[in-house]
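Protein chains: 4
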Amino acid sequence: MARLVESSYGKCGVRLTKVVRDGERHTLVELDVQVILVGAFDKVYTEGDNSTCIPTDTMKNTVYALAREKDFDSPEAFAGLLADHFLEFGQVSCVEILAEEEPWTRISTDGGPHPHAFTRGGPGVRTCRLLAERGAPRRTWAGVNGLEVLKTTRSAFAGFHKDRLTTLPETHDRIFATSVEATWEYARAPRSFAAAFDSARSCMLECFAGHDSASVQHTIWAMGEALLARVPEISEVSIRMPNRHRLLVNLQPFGMDNPNEIFVATREPYGLISGTITRE
Amino acid sequence: MARLVESSYGKCGVRLTKVVRDGERHTLVELDVQVILVGAFDKVYTEGDNSTCIPTDTMKNTVYALAREKDFDSPEAFAGLLADHFLEFGQVSCVEILAEEEPWTRISTDGGPHPHAFTRGGPGVRTCRLLAERGAPRRTWAGVNGLEVLKTTRSAFAGFHKDRLTTLPETHDRIFATSVEATWEYARAPRSFAAAFDSARSCMLECFAGHDSASVQHTIWAMGEALLARVPEISEVSIRMPNRHRLLVNLQPFGMDNPNEIFVATREPYGLISGTITRE
Amino acid sequence: MARLVESSYGKCGVRLTKVVRDGERHTLVELDVQVILVGAFDKVYTEGDNSTCIPTDTMKNTVYALAREKDFDSPEAFAGLLADHFLEFGQVSCVEILAEEEPWTRISTDGGPHPHAFTRGGPGVRTCRLLAERGAPRRTWAGVNGLEVLKTTRSAFAGFHKDRLTTLPETHDRIFATSVEATWEYARAPRSFAAAFDSARSCMLECFAGHDSASVQHTIWAMGEALLARVPEISEVSIRMPNRHRLLVNLQPFGMDNPNEIFVATREPYGLISGTITRE
Amino acid sequence: MARLVESSYGKCGVRLTKVVRDGERHTLVELDVQVILVGAFDKVYTEGDNSTCIPTDTMKNTVYALAREKDFDSPEAFAGLLADHFLEFGQVSCVEILAEEEPWTRISTDGGPHPHAFTRGGPGVRTCRLLAERGAPRRTWAGVNGLEVLKTTRSAFAGFHKDRLTTLPETHDRIFATSVEATWEYARAPRSFAAAFDSARSCMLECFAGHDSASVQHTIWAMGEALLARVPEISEVSIRMPNRHRLLVNLQPFGMDNPNEIFVATREPYGLISGTITRE
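Protein chains in written order, with the working numbering: chain A, 4 to 283; chain B, 4 to 283; chain C, 4 to 283; chain D, 4 to 283.
Quick caveat, the hints were computed from the structure, so don't treat them as lab data.
Incorrect hints may appear among the rest.
In this list, chains with the same sequence are indistinguishable; a pair is considered to hold if it fits within one copy or across any two.
Here are the computed lysine-lysine pairs in the DSS-like style, where the Cα-Cα straight-line distance is at most 30 Å [stated by the list, open to error]:
#1 Lys46 <-> Lys21
#2 Lys21 <-> Lys73
#3 Lys73 <-> Lys46
#4 Lys165 <-> Lys46
Just chain A, with the same shape it has in the complex (with noise of 0.2 Å):
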């Protein structure tokens, strides 16, 4: 009567931590990775038969065994030597890998960036995803997450539609304030992928400071062709920012104006803007 129609399984939450020495200058790389296996798997849930499942232990053993076995300067690649590894498995038809990076950045000291230690950099996370179907070609992702930003002109929002419960006033002049997050696939590698993050991100800081916006879905449209413009191995880039809102507070009741000066933060509710944006 009931039939087993998708599944998938995995570790999340695998914190790995690889220091590389280099006499004194030591190398830091923090990675929050999760595994998701999808694969001839059905028996484990209709029958309770665990002969083809690999323990989600397994897979956490995995990554700190590759980990340590192998030399990678990225997440990316670090992703597709998982994914190269669980594909060995007969039963597992499709490997995706998720991995956020730490943002740690060398402390600044009088004698220059300090050789180790170490101190929460950003803006925004990094974040990589692989997708490994058997038979099919990889499909890279990088992203970053939380990169929040703030601008306090150049956004405008009016001439939209308006109804009987439409109570927003236009406005030419807003602070605009979101929290971007975006992901974009590789259409093939980059020659280094740091560097490719990094040209995406300062692109995406850029875009938003100098764009004058007519909306959120306005700069979200500029930020993307942007990105396309700037970096020639991405194919595609899916971008979501919330609308971290800013309201004018009323003085009036105390006899003052606000000529957008005094502002407040709300968190809740909050516009949410996704758009997704290819080469043709």
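Dock chains B, C and D against chain A, hints included.
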């Protein structure tokens, strides 16, 4: 050079409290509502032309105004009213409504359930999702989030695939703890959405308690099967369960045994198991 | 030039699960324990001399080992055992133990409460705090965190101080919602800590429900008074209540009235009211 | 029978955004402010008499109105203005102001720091606390929260107290990661609160990086000493550091060594170390 291939926007975190008074007895409904629209909004993105754009602020107003104007007896019914409203706009091709219900229950007193005082109940949070695509039949899902359960026995994990990176010992008696996230689609509306939800949640709790589990996967299947058997209006259910591990503590260094008595709860890493079960 | 004037250290987040088996019937206790020590540890700080330092890792081990070695029937009793243990170290002058109990309740089945399957219950989380200073009488507190309550009437806020910056209208009928955090000290041990806790929580829930509230402050006082009257072993109670505002939505722009029916819940800003009530 | 022995109340989460425009160049300040009052409010609690009660809603209004009326160049200065205001009420005996500053930094562009676009910076969040008791000298604290740091070497933990429950191995080379929470009191106002904060934070970062740590305690002392030496206006500092453990992964089951290269980051349990350092 660039093209917008997908877009949607809406308002999240619209927190509605509605009090209905029947003499001394008050009914309290609290929903956290999300409205998402898809439609002819491309020029909002690509040209900064807002003429078709319904502000997310108006969506928020609409939630409160409709809640005042209309009677409804379930989140599903309210979601339907919202979808009706937004499909009246010609530029909208698809409306998605999500709602989570705060689980308030009446405070018990000597005189029985209190007429107007409540405390947060549970277990879990009732959810609903409605998808209204112009010209297509409406689809309605309900579900539960954060349904935390734990059993201290009748859970095993053995006979699994082993490789050189496997260290997990087999076990025929372990603690099984999870936080169930389940979403089911109604092929047709049940007589009462509230009763169907209660029935579905009870069914899952009883199944979790009574099932001889060979794995998290095995229990997902059992719960899905039971749900389809119990609530005839449900056509399909997706269940996701993180494994909230309780690991046996090694007390040997202190000269003690540990006959399945002392465990440590860990938050990460954690297994995450998913399955979708449908009627044949 | 510098002097250490205060110090303490310990282990937080020690998550203990203990299962006690009585035939088919299992008892489950889950505690999140914190151990804090004060004592002759100055040289650990100032000279890097660890000879008196009990590692926090040993504190963690101690929680698990004592949980295996000893029987206890309450968080308060277990905290006492831990304090006894750590005061055996000569360098320790004061031990503070904090414990939060996960509120598991048995799943209901046709055959009654299930012998070994549980779901997260509530309302609120039971807490305990023990302070054992060498040479001083031991002090024991219990409490509840996150006890979420809401009443839809019998709450007013009027007659308050007004100045040029006051805009809040007086109200004689509002929603009162809060999340109670209460901590009470036991002057002497009650016959049963569990029964005393249940009695205290019920008392606060009933008082919240029944009280004609003139303000959050007023209800704190009423709850404190009621608690001291109900549980004779309690000498003093501190209560803290955030005001989880439900604001009446202005529907006039849509041509609607709002007879105390439609509200918006806001998270911030929020009032925070505290009071400590003792016996005369 | 009951007596109110302590009480306070106030408003939390008052989120203020202030934009100051100097031609094209905008200055952005975002504070999360908390106002707490102590005073002659007993009858508010015990009799429901609100005549002395300043509504927390008025406190919120006051934050926005003063922000518009007054110029201020630091959270400390703004806290002082708020304290002045609330001490004008005769019923208030003590005002406590807390403020956290959102760490916005200008987006870098080819043309230098952007005049009106910002991204979230860091590291850590600047805090301030002011206590104004009627008739007593005002006290001012500043600090930093969430200052996340990690060093991959020059950290040891050895020579500690051992007992039958100790299993931790001694180590002379471990990773040391923490999130510093520091609060310092100013005996007198520095010329610039911003410069004093920057100096204090830099000093702590450099000290963390350069110190040969024998324990978390040892580093707290070193950082406290360094801070007092660097910023002459600071009279005392309290530092709290959770130990964000990075544990060496045991790779022996896979036939691999692990020469301090592969670690797992854990969130709980965690050591928590505190110390307060004052001038002699």
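Intra/inter-copy verdict for Lys21 and Lys73 if alpha-carbon distance must be at most 30 Å: within (11 Å within a copy, 41 Å between copies)
Have a look at Lys165 and Lys46 and pick one of within, between, both or neither, based on CA distance no larger than 30 Å. Cα proximity of Lys165 and Lys46: across copies only (17 Å, versus 55 Å in one copy).
With 30 Å as the alpha-carbon cut-off, assign the pair Lys46 and Lys21 to within, between, both or neither. Close neither inside one copy (37 Å) nor across copies (33 Å); limit 30 Å.
Within, between, both or neither: Lys73, Lys46 at alpha-carbon 30 Å: neither (34 Å within a copy, 43 Å between copies)
This entry does not satisfy hints 1 and 3, going by the numbered hints stated previously.
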